[in-house]
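Colleague: Next come the chains, spelled out residue by residue.
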Amino acid sequence: MSALRKDTGVSAFSHDSEDTVGGFKSMPEIVLSVAGQLPFSRKSSDVTSLTGQEYQEANVGQVKRDIDLPVYVPRSHSPKPSVQVKNEWEGYVVDVGAETFTARLVDKTRCDEHEDEEADFPIADVSDDDKKLLKPGGVFRWIIGYQKLPGGSRRRFSQVVFRQLPQWTEKELVKAEEEAKEISSKIQWL
Amino acid sequence: MALTAPLDTELEVTLLGPGLGECQLIHLGAGNWVVVDSCIDSHTSQPAAIAYLERIGVDPRKAVKLVVATHWHDDHIRGLSEVLECCSDARFCCSVALCESEFVAAVLKYEGQKNVAGGPGVREIRNIYKILEERSSVFPPIKALADRVVYQVPEEMSGHGRVCRVWTLSPSDEQLEKFYVELTNLMPSVKETKRRAVPQDPNHVSIATLVEVGEHSILLGGDLEETGNPLTGWSMIVSSQARPQVKSSVFKIPHHGSENAHCDDVWATMLEDNPLAILTPYNRGVKKRPSQDDVARISYFTENGYSTAQIKVAKTKKKRERDVEKMINDVVGKIRAVSVGTGMIRLRRNMSDLESNWDVELFDGACDLSKACL
Amino acid sequence: MKITPEKSSVSIVLVGSMNSLIFRPGWFAKNGLISETEAEAAEIEVIHKELTLFKLDWCSIRVEPTRFVIDSEDAPFIRISDLAVRTFKEFLVHTPVTMLGINRVVSFDAGSDEARDKIGNVLAPKQPWGDWAADLEKGNGPARGGMRSLTMQQTVVDDGREEGWTRAKIEPSMHSAFGIYMEVNDHFQLKELDSVSGAEPVVTMLEGGFEESIRRSEWIIQQIMDLI
Numbered sequence: 001m002s003a004l005r006k007d008t009g010v011s012a013f014s015h016d017s018e019d020t021v022g023g024f025k026s027m028p029e030i031v032l033s034v035a036g037q038l039p040f041s042r043k044s045s046d047v048t049s050l051t052g053q054e055y056q057e058a059n060v061g062q063v064k065r066d067i068d069l070p071v072y073v074p075r076s077h078s079p080k081p082s083v084q085v086k087n088e089w090e091g092y093v094v095d096v097g098a099e100t101f102t103a104r105l106v107d108k109t110r111c112d113e114h115e116d117e118e119a120d121f122p123i124a125d126v127s128d129d130d131k132k133l134l135k136p137g138g139v140f141r142w143i144i145g146y147q148k149l150p151g152g153s154r155r156r157f158s159q160v161v162f163r164q165l166p167q168w169t170e171k172e173l174v175k176a177e178e179e180a181k182e183i184s185s186k187i188q189w190l
Numbered sequence: 001m002a003l004t005a006p007l008d009t010e011l012e013v014t015l016l017g018p019g020l021g022e023c024q025l026i027h028l029g030a031g032n033w034v035v036v037d038s039c040i041d042s043h044t045s046q047p048a049a050i051a052y053l054e055r056i057g058v059d060p061r062k063a064v065k066l067v068v069a070t071h072w073h074d075d076h077i078r079g080l081s082e083v084l085e086c087c088s089d090a091r092f093c094c095s096v097a098l099c100e101s102e103f104v105a106a107v108l109k110y111e112g113q114k115n116v117a118g119g120p121g122v123r124e125i126r127n128i129y130k131i132l133e134e135r136s137s138v139f140p141p142i143k144a145l146a147d148r149v150v151y152q153v154p155e156e157m158s159g160h161g162r163v164c165r166v167w168t169l170s171p172s173d174e175q176l177e178k179f180y181v182e183l184t185n186l187m188p189s190v191k192e193t194k195r196r197a198v199p200q201d202p203n204h205v206s207i208a209t210l211v212e213v214g215e216h217s218i219l220l221g222g223d224l225e226e227t228g229n230p231l232t233g234w235s236m237i238v239s240s241q242a243r244p245q246v247k248s249s250v251f252k253i254p255h256h257g258s259e260n261a262h263c264d265d266v267w268a269t270m271l272e273d274n275p276l277a278i279l280t281p282y283n284r285g286v287k288k289r290p291s292q293d294d295v296a297r298i299s300y301f302t303e304n305g306y307s308t309a310q311i312k313v314a315k316t317k318k319k320r321e322r323d324v325e326k327m328i329n330d331v332v333g334k335i336r337a338v339s340v341g342t343g344m345i346r347l348r349r350n351m352s353d354l355e356s357n358w359d360v361e362l363f364d365g366a367c368d369l370s371k372a373c374l
Numbered sequence: 001m002k003i004t005p006e007k008s009s010v011s012i013v014l015v016g017s018m019n020s021l022i023f024r025p026g027w028f029a030k031n032g033l034i035s036e037t038e039a040e041a042a043e044i045e046v047i048h049k050e051l052t053l054f055k056l057d058w059c060s061i062r063v064e065p066t067r068f069v070i071d072s073e074d075a076p077f078i079r080i081s082d083l084a085v086r087t088f089k090e091f092l093v094h095t096p097v098t099m100l101g102i103n104r105v106v107s108f109d110a111g112s113d114e115a116r117d118k119i120g121n122v123l124a125p126k127q128p129w130g131d132w133a134a135d136l137e138k139g140n141g142p143a144r145g146g147m148r149s150l151t152m153q154q155t156v157v158d159d160g161r162e163e164g165w166t167r168a169k170i171e172p173s174m175h176s177a178f179g180i181y182m183e184v185n186d187h188f189q190l191k192e193l194d195s196v197s198g199a200e201p202v203v204t205m206l207e208g209g210f211e212e213s214i215r216r217s218e219w220i221i222q223q224i225m226d227l228i
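Chains as they are written, first to last, in the numbering used here: chain A, 1 to 190; chain L, 1 to 374; chain W, 1 to 228.
Chain A with its partners taken away, still in its complex shape (with noise of 0.2 Å):
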């Protein structure tokens, strides 16, 4: 890493200690730094026009060879369809019938607030490892657009995808009570 601070005129690469910038962008030299090298695009003349859109497109299967680690080859995969959200909801379930569930729905790409709104689902839709999620109060995003395939065509598609919200703590329920307890004992009832 301190190999590349020397470097002249990438001011628009910023990797120090205090980057949070994260994306693609620096896994050419994150590899290379850890045995040592420079990276390899560096040497040549064109290095300082090198942004990070450029690190990102840069070839990593060329990269890792020059280099001794241990790695794993990785599987082969056929490139990603592209996707492009039209819509996007938040929804929580309000019953599960034998077919479909209820929802309620909040329109995140309107940026509404309030659940106003409410459909219909197929559990067929819902995949085999969210249906644990699926029961009254699981919280899940809707989101309808197109997908663009390898080969240019497009098609619409629809996923809903269970949130894998962070489990209540013990922390986080001790102090609910505790503070419960403070507010019952400031309300004097009559």
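None of these hints come from the bench; they were simulated from the model.
These numbers come from a predicted model, not from an experiment.
The hints are all genuine.
DSBU-like, lysine-lysine: derived pairs with alpha carbons at most 30 Å apart:
#: 1; chain 1: L; residue 1: 319; chain 2: W; residue 2: 7
#: 2; chain 1: A; residue 1: 171; chain 2: A; residue 2: 135
#: 3; chain 1: A; residue 1: 175; chain 2: L; residue 2: 178
#: 4; chain 1: L; residue 1: 334; chain 2: L; residue 2: 288
#: 5; chain 1: W; residue 1: 30; chain 2: A; residue 2: 132
#: 6; chain 1: A; residue 1: 135; chain 2: L; residue 2: 287
#: 7; chain 1: L; residue 1: 191; chain 2: W; residue 2: 30
#: 8; chain 1: A; residue 1: 175; chain 2: A; residue 2: 132
#: 9; chain 1: A; residue 1: 108; chain 2: L; residue 2: 319
#: 10; chain 1: L; residue 1: 65; chain 2: A; residue 2: 186
#: 11; chain 1: L; residue 1: 287; chain 2: A; residue 2: 132
#: 12; chain 1: A; residue 1: 132; chain 2: L; residue 2: 288
#: 13; chain 1: W; residue 1: 55; chain 2: A; residue 2: 86
#: 14; chain 1: L; residue 1: 319; chain 2: A; residue 2: 86
#: 15; chain 1: W; residue 1: 138; chain 2: W; residue 2: 169
#: 16; chain 1: L; residue 1: 65; chain 2: A; residue 2: 181
With the hints as your guide, set chains L and W onto chain A.
Modeller: For chains L and W alone, kept in the frame of chain A given last:
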């Protein structure tokens, strides 16, 4: 709509309902108002009680003397904290179950979720606790229990010379026991995945309220259900000797007219013949209420039934792009609007005229009960 | 957003003291953070004490000795927040975490050379460069000179964070002829970095602030899109 407040000598019962949620306003006389539950007015997005009072030229800050929360379900409590905040001269009354620290803890546990709301009911209750913390030394809130007077206007201050009393008729000790069992099921536990708070039926702790104004009375059923157990529900109220043994001329039908809140003995012993029976429909989910059977059953007991709105499947009014609408249709058919517009039933009676009866006015989609279902 | 991006992603970066070897797909599955199916289908690139890198169907996770990074190109983006929060709130609570970055990256098509040039000329006019301006103007299309990259920073952000900033960067995009790349880094930092003993303070910021951060970042990006 006549934009005038009732006379000092007039008794008024107004039921507001948007198809989701309800609110009752009672004018006891001489500008003394009671608000029971809360919903959001679909036209103004304000709490319906505030919107109505301002519309008829009444200042809610001074006029409202008592705010009652019959229970904590979403459809009865939306906007209630804003009502309580606004009505700075009002006392607050709710079921004793909601005063206990176990329930408060449950509310805080659900409301404390940072990235997903606990639910409107939970949020409202949390805000109500905050207001009560500030106010309780000046206006201590009141626990509702069976057969308890929670508010009274002496005859010299009522405008018509009759004593006014607001009674809570529930919950009973047995109902409270059942509620605590339900609360245990609702209470989150360590390592349980966070979720929204969804109250389960049956409703064990809804308050039923009786408003006595001299020789007249009004029975407000809340969402109280009938269980068949003489120690709970309507059977308990009917058999109670500690409540006023009066027959009411107005009945706010409980639980949106559903069969599980019906009790023959209420109609036989607590209501006049052919009382005015008013209700708000429940327009959400699969089980909409009142059903055709509910309407038929209620019509057997009274010819004077009214609903604040018709049951209808209302498509959402939100406009979206055509391709989005098409995709929605492919997946779920239609997205329904939860609220179909605030309707109103207003009943007024002049207490200084011994011959007078109730005047019934229907506004904004309120209708005869026979027309409530599709 | 007014213009649908051609490429779009969100990432979360947590800066702290990490043990890269822990963060295997199997560990996530064992703790119920992802399913067994997801873990088995994970594409593992590296597992090493200096770097762990693997991809799931909907996100990729990269861990170095001082950073945990999760990013996704797939909506709903709230999933990466939920996974990061659960990881550090339920299991790695004692990991000292001092900083949080929520990053929104898009690459969108301005539609024409003229439109893209217009934005460049508004943000970085050539005229103040004096005599050099004429040389900057030389060349056609991609070969023409001009703004290469610009970063703006908001240092005071009124949302309760102890310290931090919001930085927005804009560059010509590599992905299309008339493309614009934008990256918004929303950075949250604790005041007292030396006394941090766990992940909770920072993760709580993430839990409560993720969606608002993304909404704000998209609003910033929209300001540029509105120039077209």
